[in-house]
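Visitor: Letter by letter, the chains look like this.
There are 2 protein chains.
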Amino acid sequence: MPGDDRPPGARGVTGPLTAAELSQVDALWRAANYLTVGQIYLLDNPLLTEPLRAEHVKPRLLGHWGTSPGLNFLYAHFNRAIVTHDLNAMFVTGPGHGGPALFANTWLEGSYPEVAPEVSQDAEGMRELFRQFSFPGGVPSHVAPQVPGSIHEGGELGYSLAHAFGAAFDNPDLLVACVVGDGEAETGPLATSWHATKFLDPGRDGVVLPILHLNGYKIANPTILARLPHEELDELLRGYGYAPHYVEGHEPAVMHQAMAAVLDEVLGEIGRIKEAGSGERPRWPMIVLRSPKGWTGPSEVDGLPVEGTWRAHQVPLPAVREHPHHLRSLEQWLRSYRPEELFDADGRPKAAVTALMPKAERRMGANPHANGGLLLRPLRLPALPAVPVASPGATETEPTRVLGQYLRAVFEDNAEQRNFRLFGPDETASNRLDAVYEATGKQWQAAIEPVDEHLSRDGRVLEVLSEHLCQGWLEGYLLTGRHGLFSCYEAFVHIVDSMVNQHIKWLRVHRQLPWRRPVASLNYLLTSHVWRQDHNGFSHQDPGFIDHVANKSSEVVRVYLPPDTNTLLAVAEHCLRSRDYVNVIVAGKNEAPNWLGEEEAGLHCARGAGIWEWASSHTDREPDVVLACAGDAPTMEILAAVALLREHLPDLAVRVVNVVDLMRLQPDTEHPHGMSDREFDALFTQDRPVIFAYHGYPWLIHRLCYRRANHAELHVRGYKEHGTTTTPFDMLVLNDMDRYQLVIDVIDRVPGLVRTAGGVRQEMAEMRARHQRWIREHGEDLPEVREWTWPGAGARAGGSHGAH
Amino acid sequence: MPGDDRPPGARGVTGPLTAAELSQVDALWRAANYLTVGQIYLLDNPLLTEPLRAEHVKPRLLGHWGTSPGLNFLYAHFNRAIVTHDLNAMFVTGPGHGGPALFANTWLEGSYPEVAPEVSQDAEGMRELFRQFSFPGGVPSHVAPQVPGSIHEGGELGYSLAHAFGAAFDNPDLLVACVVGDGEAETGPLATSWHATKFLDPGRDGVVLPILHLNGYKIANPTILARLPHEELDELLRGYGYAPHYVEGHEPAVMHQAMAAVLDEVLGEIGRIKEAGSGERPRWPMIVLRSPKGWTGPSEVDGLPVEGTWRAHQVPLPAVREHPHHLRSLEQWLRSYRPEELFDADGRPKAAVTALMPKAERRMGANPHANGGLLLRPLRLPALPAVPVASPGATETEPTRVLGQYLRAVFEDNAEQRNFRLFGPDETASNRLDAVYEATGKQWQAAIEPVDEHLSRDGRVLEVLSEHLCQGWLEGYLLTGRHGLFSCYEAFVHIVDSMVNQHIKWLRVHRQLPWRRPVASLNYLLTSHVWRQDHNGFSHQDPGFIDHVANKSSEVVRVYLPPDTNTLLAVAEHCLRSRDYVNVIVAGKNEAPNWLGEEEAGLHCARGAGIWEWASSHTDREPDVVLACAGDAPTMEILAAVALLREHLPDLAVRVVNVVDLMRLQPDTEHPHGMSDREFDALFTQDRPVIFAYHGYPWLIHRLCYRRANHAELHVRGYKEHGTTTTPFDMLVLNDMDRYQLVIDVIDRVPGLVRTAGGVRQEMAEMRARHQRWIREHGEDLPEVREWTWPGAGARAGGSHGAH
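These protein sequence lines are chains A and B, in that order. Heads up: the first sequence begins at 1 in the UniProt record's numbering, then just goes up one per residue. Heads up: the second sequence begins at 1 in the UniProt record's numbering, then just goes up one per residue.
Check each hint, because a few of them may be wrong.
Since copy identity is lost for identical chains, a pair holds within one copy or between any two.
As the list claims (entries may be wrong) - Okay, derived cross-link-like pairs now, SDA-like style, lysine to any residue, Cα gap no bigger than 20 Å in a straight line: (1) 720 <-> 553; (2) 274 <-> 203; (3) 274 <-> 714; (4) 720 <-> 512; (5) 274 <-> 361; (6) 350 <-> 790; (7) 720 <-> 669; (8) 359 <-> 669; (9) 359 <-> 600; (10) 274 <-> 86; (11) 720 <-> 581; (12) 359 <-> 86; (13) 274 <-> 172; (14) 350 <-> 715.
If you're looking for bench data, these hints aren't it; they were derived computationally from the structure.
Given the sequences, and given the hints that come with them, work out the whole structure.
Guide: And the structure:
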């Protein structure tokens with residue numbers, strides 16, 4: 001019926017949408033679909049003002065059509081709901097390969113042209129919108145930082161729901177619509193993310209509304225969830241704790257009414273939950289949208305079905321430039337959206353398209369929560385609970401336990417702003433940060449039993465045995481303008497290697513976009529580290545996360561190895577103040593000597609690396625050897641070696657260098673924290689042997705230093721994958737980083753010493769042998785190791801090497 | 001009632017167990033519990049033949065009690081069921097921290113003493129069993145390769161169920177009992193593992209029987225699943241596709257009868273499913289065991305509840321040596337198991353304990369499937385479908401597509417033995433291995449629709465959008481004596497970084513245990529690699545998995561970068577033949593020139609690295625410069641640079657070195673594949689500039705070569721985290737690894753050349769600038785790049801750089 005702009009099947013369908021609204025929401029959807037197809041295919045002729053010719057089409061056809069019409073459908077309906085219900089909403093796009101859909105919608109609502117003026121809301125801007133997509137020098141094919149309103153990189157799948165919950169924490173008025181693709185729903189991280197409602201307070205936190213989008217297929221296969229019998233799917237989602245609402249079909253008008261009705265109903269349920277406020281976990285509503293993959297696209301290409309199959313995943317018409325009939329199909333497909341009804345002659349969206357569009361910050365692409373730096377309030381940082389250090393090594397503390405006291409104060413001082421959280425996989429107490437429980441609890445919305453400790457409905461510590469959830473929640477929390485710390489066993493942070501890759505890549509691009517405001521850094525505290533796995537052994541020993549992040553963009557990555565408690569405090573404070581970084585702090589939880597007082601620690605951390613004069617000898621002349629260290633266990637062992645050298649080789653000039661900020665070792669041309677060659681030489685000399693005891697895999701130090709003048713004289717000790725369930729000192733011996741071996745290294749490397757100090761060398765080798773016998777018999781370290789103290793520190797009660 | 005050896009509450013309880021059986025299964029449980037506590041605490045006095053004194057107790061108390069009694073309970077009941085129903089069963093211990101429980105049970109059944117004669121089944125052996133546990137030089141605290149019957153490292157949580165399914169594939173007569181801890185159930189990988197029944201053929205595959213063990217607590221928190229309302233938990237498990245059976249309580253006799261009854265019922269259901277055979281997915285049974293954490297341990301310590309709380313997680317009585325009342329409690333606890341009824345005076349288990357013990361290979365610790373090398377049948381490897389190469393570069397092929405033809409033949413030749421599978425996250429076709437579908441399908445037990453392709457009930461390809469599942473299934477499949485290949489996008493294999501860590505650590509220890517027989521290597525094919533992310537861009541670009549594995553034990557890790565199709569085939573064949581390694585193969589899927597014929601390829605791969613004489617010039621004299629390459633894109637680019645040098649600087653003596661086996665670059669002291677310095681110098685010279693184009697992060701090459709004489713002259717190009725959605729050549733330019741830059745590098749590094757070849761340098765710089773302009777305008781690479789061929793190769797139709 002010519003002139004009737006209602007979508008197919010509209011007659012006879014009743015529902016919450018008036019005829020006008022139905023037309024409007026459908027126009028919005030058609031406009032977004034049109035712009036999506038345009039981005040994948042067109043270089044020119046954006047409004048089809050002339051018949052489509054091969055030269056209007058891109059030479060390389062790249063992009064993902066399959067998921068896009070579903071995303072456009074949802075975005076249109078959320079626009080209507082925002083206007084109707086005055087919602088403060090943001091949109092997380094799980095099927096993030098559907099980048100063109102989000103570019104299309106944010107262009108239509110005007111939020112994208114505001115941050116990217118070259119894609120102005122007119123014909124020229126539309127041409128550029130199309131051209132730039134997946135084009136060299138343009139924008140990527142996935143939802144990425146360039147998409148306004150997004151906090152979620154769409155390239156890797158599985159993290160949407162975790163990001164959505166992270167955004168919702170402490171934002172009681174925010175609704176986070178989160179589209180979960182049925183592909184990504186097969187990933188582990190997504191599969192466990194559903195449980196996050198057990199940690200979300202209906203009163204003090206916001207709302208996550210998951211929309212499971214069953215479009216049936218991945219790249220080449222059906223999806224598991226789409227092929228479950230309805231009853232089983234319903235049980236699964238109810239078992240996850242949700243009340244699912246279903247919108248299923250393909251007839252546009254029917255689907256529009258159904259989606260509008262379900263959305264209104266769901267928003268009603270949410271309203272009742274929010275009204276009831278904090279308390280027991282409610283059964284949150286969610287939506288299941290079952291619609292054809294590549295919906296409204298070509299139903300068949302070259303005799304094979306496409307719409308509703310996996311063939312619609314990327315580019316349904318693959319050879320448009322080569323085959324005239326494909327070109328004709330493309331033109332028909334584009335014209336099926338009736339662009340002349342949607343855009344005026346100048347390419348501007350007509351009133352029919354914009355009628356249901358929210359305004360200003362209600363637009364999902366302009367919601368300030370999705371550009372969190374706009375809302376970021378700096379943390380109020382309390383005084384550091386520095387430990388007194390009358391002389392180096394005179395006291396011992398558990399570094400992370402003292403850090404816990406600091407974090408307790410951070411919680412207290414920011415209780416009102418509610419913008420700091422601590423995340424961990426069931427390890428906060430094990431990592432000895434439990435002082436925080438004096439200020440706040442662990443958030444928990446499930447049943448609480450009398451025997452439980454520190455659980456509370458409004459706790460600010462999040463503990464769940466999933467590093468993926470910890471990481472995903474924290475990313476979502478940070479990108480919406482808050483602060484946090486992830487405390488993790490060092491070995492198991494590898495579980496989130498791929499997630500941190502994506503976050504670093506996100507930050508790298510985000511930093512290049514002037515309209516994206518700086519956000520708080522992602523801070524890791526890696527403890528229960530490789531040298532102290534007394535209980536757990538080989539499976540828990542892996543210092544390689546440092547290597548993993550060191551491969552990434554130097555603009556973003558920082559690595560700190562504080563050698564004691566006060567340096568840990570200084571580093572932690574610095575990291576909590578910083579912006580747009582990924583900071584990795586590695587620190588021990590076991591009792592260990594304090595080397596630096598508060599002021600010295602602050603200065604040392606600011607410099608990042610420096611000579612420890614108090615530990616060096618004959619400082620009036622050039623050193624015979626440099627003993628360098630990075631990390632708490634290596635620092636203690638280097639100092640123990642220095643003490644042995646003082647005793648046995650008192651004439652040797654020993655320089656002790658400690659490195660806190662690992663990236664200082666790189667050249668200043670490679671990393672903003674890097675040292676110039678002059679600085680490096682001033683610490684490490686140009687020609688003296690350097691015995692370097694390092695926390696992690698030793699070759700990383702070589703990789704950072706290979707361009708330095710003195711590289712040939714650099715000898716690094718570190719973890720070499722030798723480990724088991726054993727004592728701390730035995731771990732050092734197994735990896736040749738014990739004090740006796742370090743003295744042997746000095747004797748072997750300092751010219752002439754092997755001749756004059758052969759007796760000392762022999763003695764050291766005998767101590768290593770003695771250790772082997774002792775430990776097999778007694779199951780603990782040599783008494784002289786357990787009770788060792790730095791000369792001048794004075795005797796302490798007990799040593800630093802007990803099992804904890 | 002003295003003399004009554006039935007467990008508490010036995011009177012009045014009826015059930016499938018006779019009174020004798022009830023006593024026997026309880027005796028078995030008590031014996032295992034006794035041995036578990038003994039391992040955590042005792043150095044001596046194993047049979048409590050004298051009153052317990054402090055010096056009988058270990059100085060360091062390490063281990064996890066909490067989960068152990070539940071594991072012991074299950075192990076005892078499976079023993080009974082194996083005997084009663086003549087089962088062929090193995091046991092996967094998800095809560096693997098309960099290592100002492102598994103050491104206890106395998107000691108009792110005799111399988112452990114058979115492989116570790118020092119823990120003989122007598123008092124002396126028991127003393128050693130206790131002493132060695134978590135003791136320096138002893139055995140680790142977790143389930144590890146040292147535990148007979150295990151294929152599952154218990155240190156990292158979340159992979160038990162995936163391993164269990166991997167073991168069950170193609171083992172139709174095997175029952176894999178898999179205990180899932182409620183802690184690990186929170187992890188992502190475990191949460192999605194439940195869905196694996198959608199890939200398990202009831203006829204041709206074995207049975208996985210999951211036992212979800214709800215003991216309520218993690219280290220310091222309640223678990224999510226234990227705090228779900230019963231109805232919600234039931235919905236969740238039914239939604240995952242199971243029929244859950246519940247065993248809940250704490251009264252031993254009641255629990256024994258309940259467990260025996262449920263186990264009999266479940267085995268009946270399984271029998272009916274197996275009888276029905278292949279076809280639609282059945283609703284598999286599973287068991288939920290809800291029992292107290294630290295069951296039968298101290299109910300209270302120092303006034304605080306312990307049994308049934310998180311306080312029972314590790315060592316419930318922590319200060320036994322220090323506090324006499326803790327010592328007394330420990331003795332009471334140990335004596336509560338009535339060891340005198342369980343062990344004779346020589347420490348041997350009495351008949352009451354062994355009555356329900358399976359014999360020989362029916363013992364779960366002696367099941368040959370769990371020492372898969374015993375059952376390993378070598379793959380029948382067909383002839384390689386080598387591509388003809390009349391002269392270097394004369395033909396082009398898609399390397400992985402040809403590999404797909406080889407794998408098709410592997411499937412055909414091993415169809416009868418059913419011991420090879422291909423695993424991938426929905427990418428087999430995308431990675432162009434789809435020729436395999438001519439030989440086999442993708443296994444799929446859910447609904448199959450007419451539009452689906454290659455799905456079948458007995459397919460040998462497993463595709464699921466979860467790298468965790470692919471990895472876990474493959475590990476389980478390999479460790480039970482079969483073969484496989486995991487094909488994955490290069491960037492996203494980081495998702496399993498932590499899993500491969502654990503597998504490498506497993507293999508490292510497994511290799512040291514003579515009774516563990518060699519298993520097939522874990523083979524990765526990483527394709528859709530960093531240089532060819534034309535569609536996907538920055539999020540899909542990460543070559544760091546090589547760095548990740550290179551940190552691990554050199555006994556286990558191998559990395560191959562075949563430069564073309566025939567070398568890929570040679571490497572793949574080698575990897576499929578190999579044992580006990582983790583092999584990483586990185587290869588492209590896009591059409592690319594063939595450099596080596598079959599024979600040359602085989603020889604080159606056997607050497608691992610070599611001079612390509614045909615590409616070198618003036619080979620009669622020492623080279624002026626070495627152009628080295630590793631990886632397909634770098635090789636092509638180095639050869640393009642060589643062609644430019646021939647044209648512009650014909651007098652330059654250029655040596656081309658190609659590296660296939662990356663570990664060849666290491667010193668032979670560091671890696672079994674490493675080159676001696678003499679070999680290295682013969683390839684790379686001692687003093688000539690080396691321009692090295694490398695597939696991944698460039699500093700890895702420095703890290704491998706820093707000890708070589710010529711290191712100072714080594715200049716490496718590689719991926720530096722510069723990327724976006726763009727063309728292949730633009731990626732090279734962005735990362736300074738394009739042919740023009742490589743020529744500039746040569747001019748800059750060869751002494752004197754910058755003076756005489758300034759014009760060429762300028763011309764190269766202009767080509768880079770021309771590229772920048774061209775690509776912005778045309779969206780594709782320069783025609784001379786797209787159409788480039790190696791001189792002498794002859795013109796080919798089309799170039800190698802089209803977008804696919």
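Visitor: Confirm or reject each hint.
Guide: Verification of the supplied hints:
For a Cα distance limit of 20 Å, the shortest separation of residue 720 from residue 553 across copies, 8 Å, qualifies, whereas the shortest one inside one copy, 26 Å, does not. Proximity of residue 274 and residue 203 under a CA criterion of 20 Å is satisfied intra-copy only: 6 Å inside one chain copy versus 50 Å between copies. For a Cα distance limit of 20 Å, the shortest separation of residue 274 from residue 714 qualifies neither inside one copy, at 62 Å, nor across copies, at 64 Å. For a Cα distance limit of 20 Å, the shortest separation of residue 720 from residue 512 across copies, 17 Å, qualifies, whereas the shortest one inside one copy, 38 Å, does not.
In this assembly of identical chains, the alpha carbons of residue 274 and residue 361 never lie at most 20 Å apart, being 22 Å within a copy and 60 Å across copies at closest. Taking CA atoms no more than 20 Å apart as the test, residue 350 paired with residue 790 passes in neither setting, with 78 Å inside one copy and 55 Å between copies. For the identical chains of this complex, residue 720 and residue 669 are inter-copy neighbours only, at 14 Å across copies versus 29 Å inside a copy, given an alpha-carbon limit of 20 Å. When the C-alpha separation of residue 359 and residue 669 is checked against a cutoff of 20 Å, the pair qualifies neither within a copy, at 46 Å, nor between copies, at 68 Å.
In the homo-oligomer, the alpha carbons of residue 359 and residue 600 never lie at most 20 Å apart, since the shortest distance is 54 Å inside one protomer and 67 Å across protomers. Taking the shortest Cα distances, residue 274 and residue 86 sit within 20 Å of each other inside one copy (15 Å), while across copies they are farther apart (57 Å). Taking the shortest alpha-carbon separations for residue 720 and residue 581, only the inter-copy value of 18 Å comes in at or below 20 Å, while the best intra-copy value is 29 Å. With identical chains, the CA atoms of residue 359 and residue 86 are at most 20 Å apart within one copy only, with a shortest distance of 10 Å there and 71 Å across copies.
Taking CA atoms no more than 20 Å apart as the test, residue 274 paired with residue 172 passes inside one copy only; the shortest distance there is 9 Å, against 52 Å between copies. Taking the shortest alpha-carbon separations for residue 350 and residue 715, neither the intra-copy value of 70 Å nor the inter-copy value of 58 Å comes in at or below 20 Å.
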